[in-house]
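Work the whole structure out from these sequences, hints included.
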Amino acid sequence: MLTVPSVTPDAMSELSAREMRRAVVRRWFFRFSVLIGWIAFIGVWYLFSRVVFNPQQLPEPHVVAGESWTLITERDFRTNMQASLFRVLAGFLLAAVASTGLGWLIAYNAWWRTLLRTIVQFVVSTPIVALAILTLVVFGVSSLGPIITTALVATPYIMMNVAQGLTGVDRRLIVMSESFGRTRSQIISGVLLPSSLISVLAGARLAFAVAWRMELLTEIFAASEGVGFQIRRSFESYDVRGMIAWTVLFIAVMLIFENLVFRQIERRMQGRTA
Amino acid sequence: MTDVAHSAPAQPGPNESAAHAPPGAPAPPRANDATTFASGFQELPTLPAGDLGPAGDRAYSAPRRVLRRPWVVQLIAFAILLAIWQYLAVAGDRVPSIDEVVSFMVTEITGGSHGGVLVGEFWSPLGLSLQRYAIGLAIGIPAGAVLGLLLGASNWVRGLLNDTTLVLLALPAVVWAFLASLWFGLSSTAPIVAVVLTAIPFVAINLSSGVRSIDPALMEMSKSYKVPRRNQIVDLLLGGTLPNAFTGVRLAITTGWNSLLIVEWFSATAGVGWRARFWYDALRYPGFVGWIFLFVLLITVLDRLVLRRVERQAFQWSQKPTLTFAEDWGM
Numbered sequence: 001m002l003t004v005p006s007v008t009p010d011a012m013s014e015l016s017a018r019e020m021r022r023a024v025v026r027r028w029f030f031r032f033s034v035l036i037g038w039i040a041f042i043g044v045w046y047l048f049s050r051v052v053f054n055p056q057q058l059p060e061p062h063v064v065a066g067e068s069w070t071l072i073t074e075r076d077f078r079t080n081m082q083a084s085l086f087r088v089l090a091g092f093l094l095a096a097v098a099s100t101g102l103g104w105l106i107a108y109n110a111w112w113r114t115l116l117r118t119i120v121q122f123v124v125s126t127p128i129v130a131l132a133i134l135t136l137v138v139f140g141v142s143s144l145g146p147i148i149t150t151a152l153v154a155t156p157y158i159m160m161n162v163a164q165g166l167t168g169v170d171r172r173l174i175v176m177s178e179s180f181g182r183t184r185s186q187i188i189s190g191v192l193l194p195s196s197l198i199s200v201l202a203g204a205r206l207a208f209a210v211a212w213r214m215e216l217l218t219e220i221f222a223a224s225e226g227v228g229f230q231i232r233r234s235f236e237s238y239d240v241r242g243m244i245a246w247t248v249l250f251i252a253v254m255l256i257f258e259n260l261v262f263r264q265i266e267r268r269m270q271g272r273t274a
Numbered sequence: 001m002t003d004v005a006h007s008a009p010a011q012p013g014p015n016e017s018a019a020h021a022p023p024g025a026p027a028p029p030r031a032n033d034a035t036t037f038a039s040g041f042q043e044l045p046t047l048p049a050g051d052l053g054p055a056g057d058r059a060y061s062a063p064r065r066v067l068r069r070p071w072v073v074q075l076i077a078f079a080i081l082l083a084i085w086q087y088l089a090v091a092g093d094r095v096p097s098i099d100e101v102v103s104f105m106v107t108e109i110t111g112g113s114h115g116g117v118l119v120g121e122f123w124s125p126l127g128l129s130l131q132r133y134a135i136g137l138a139i140g141i142p143a144g145a146v147l148g149l150l151l152g153a154s155n156w157v158r159g160l161l162n163d164t165t166l167v168l169l170a171l172p173a174v175v176w177a178f179l180a181s182l183w184f185g186l187s188s189t190a191p192i193v194a195v196v197l198t199a200i201p202f203v204a205i206n207l208s209s210g211v212r213s214i215d216p217a218l219m220e221m222s223k224s225y226k227v228p229r230r231n232q233i234v235d236l237l238l239g240g241t242l243p244n245a246f247t248g249v250r251l252a253i254t255t256g257w258n259s260l261l262i263v264e265w266f267s268a269t270a271g272v273g274w275r276a277r278f279w280y281d282a283l284r285y286p287g288f289v290g291w292i293f294l295f296v297l298l299i300t301v302l303d304r305l306v307l308r309r310v311e312r313q314a315f316q317w318s319q320k321p322t323l324t325f326a327e328d329w330g331m
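Which chain is which? The protein sequence lines are A and B, in order. Under my numbering, think of the first position of the first sequence as 1, with each following residue one higher. Under my numbering, think of the first position of the second sequence as 1, with each following residue one higher.
Derived from the structure by calculation, the hints contain no laboratory data. Hints may contain errors.
[What the hints assert, rightly or not] Computed beta-carbon distance windows for the label pairs:
(1) Leu173/A to Val146/B: 46 to 52 Å
(2) Thr100/A to Ala134/B: 41 to 47 Å
(3) Ser97/B to His62/A: 21 to 27 Å
Where is the CB? At the ideal position from N, CA and C, for every residue including glycine.
Right, here's the structure in full:
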C-alpha cells in the first residue's frame, strides 16, 4: 500500500506543534486525494461507457458489480474458480519442489549454475503468450498443460531465491553451531532453513504473481473450464460485462491470496527467526 | 556431465578463482564451487556467485576441462532444449519436428508454394506487426513517462492516480487485448491501443519509484548551493531515475510485444499473430510453430542483446552494485 508520512512518538518532541499540525493536515490531504482519485476513476469509467463507447462495449461500473455478484451466487463460479485455483496451486507447488533441488544445485555448483543460467534466461525472455500457445500444441486442451506451463514459468523465480537464501546465510552462525557440536541435520533445520526462508518467501510471492497470470493466459488458449476459459467464452460472445466481471473476481481472489496468505506466512516466519 | 560436476570435491582443493585469474590482475570474487555440502559448511558460496571461468581448471583432466568451458556448457544447454523439442515431436502427434518447421519457414520467407493456392508470406505480416508495435510504443512510453514523473514528483498526483495505475498494472495483458479488439474491431487501432495500454503502467510505476528514490538531502543541498537548474535535472533527476526508467521501458517493450500477439491472434486480418493463427486453423502446425518461434526469437534477441545491456550500463552509471542472483542473471 501507499506510505504516508507519519509522526512517530520519538520525533514528537522534536517537532513543534505547528509542524505536527502540518503533518496531520498533509496526511488528511493525501487521504482526501486518494478518495478523489477513486471517485475520478469511477467517473471516467462512466464517462467512457456512456459517451466514448456505448454501454454494450463498456458496461458501467454498477452493471459490472451486479454481474460479479450474480456470478458469485451461481454454481458455475465455484467450479471454474476451483479449477483455476487448483491449477495455479498445483503448478506453484510443483515449481516449489523443483526449485528446492535446482536452487541447491546452482548455489553450490558452478557447472550447473552456468547450464541453468542459459536455460532460465531463455525461458524468462519467452513471451508468456507464446508459451501458452505452445502448451496448446504440446498438451492439447487438458488440465495438465496449464499446470506444467505454470510450474515452468514460476520455477526460475523461486529457484533464484532459494540460491540467494543459501548464499546469504551468516557463516559465523554455522561455524559456531559446528564448534558447539551440532549435527548436520540440526544445522540444516536450525540455521540454513530459517535464515534462507525469508528470501525464499519473497521469491515465492513474485513467482505466484507470475504463475497466476500465466495460468489465466494458458486457460484462455488451452482449457475447457476455469476462469480463463470463461473470459474467452465471454469475449467470443461479445459479453463484455461477463468478461470484466470474471477478470475482476479472479484478480480479487489472487490478490487476496498474495496479500493475506503470503503476508501471514512471512509474519510468522519473521516471528520465529527474530 | 554429471560426473564432472560431482567429482569436483574429490580434487585436492582446486580453488577455481585463483586457478584461472590472469596473473597480476586482482582475482574477481567468485564462489568456490569446489565445495559441496559434504566438505563442510564453512565454505558456503558467497555473492556474487560467478559462473565458470573463461578457461577450464588446471586441476581437471583435458576432456573434463573442455566440458567446463562456459561456451561448451551453453551449447549443452541449447542442445538439451532442442532435444526436448525433438522428443516432443516424436512422442506427441501434434508437435512438428525441427526440420519440418525450418523447411516450412524457408518456403514462407522465399514466397514459395505451400501447395494449392497458398503462397508463402513473410515480410508483409512481419512489417505490419512491427509498424503497429513501434507506433504503440512511441505513444505508450512517453505517456507512461509523463505519468511516472508526475506520480513521483507530486504527492497530490500520487494520491489521485497511484491506485488507478496499480489497477491498470494488475489487469493481465490478455484482458486489454480483448477489450481493445472489442472496441476497435479488426483494424490496426486495436493492436496499437493494446500495446499503449500495457506499456503505460510499467513505465509509470518504475519511473515514479525512481523519482521517489532520489535522496531529498541531495535536492536540498543542490538548492542551497544554487546548482544550476540544468545540472540539477541532468545529474540528479536523470542519474537517479535512469536505471528504473530503463527497467520500466524494457518491461513495457516485452509485455507490449506479448499483447500485440494476443490481439492479432484473436482479432486481426494481418500481422504475425494472424499468420500464426491462420496456419493453426489450417492445421499446418509447422507453419504455426515456426511463426511463434520467430516471434520468440525477435523479442529474445532484442531483450538479451540490446535492452538488458543498456539497462546494465544504466545501473553501472548509478553505481548500484548488482548483488542478488536475480539481478546478476538479469531477471
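Worksheet item: Checking against the hints above, which ones are violated?
Response: 3
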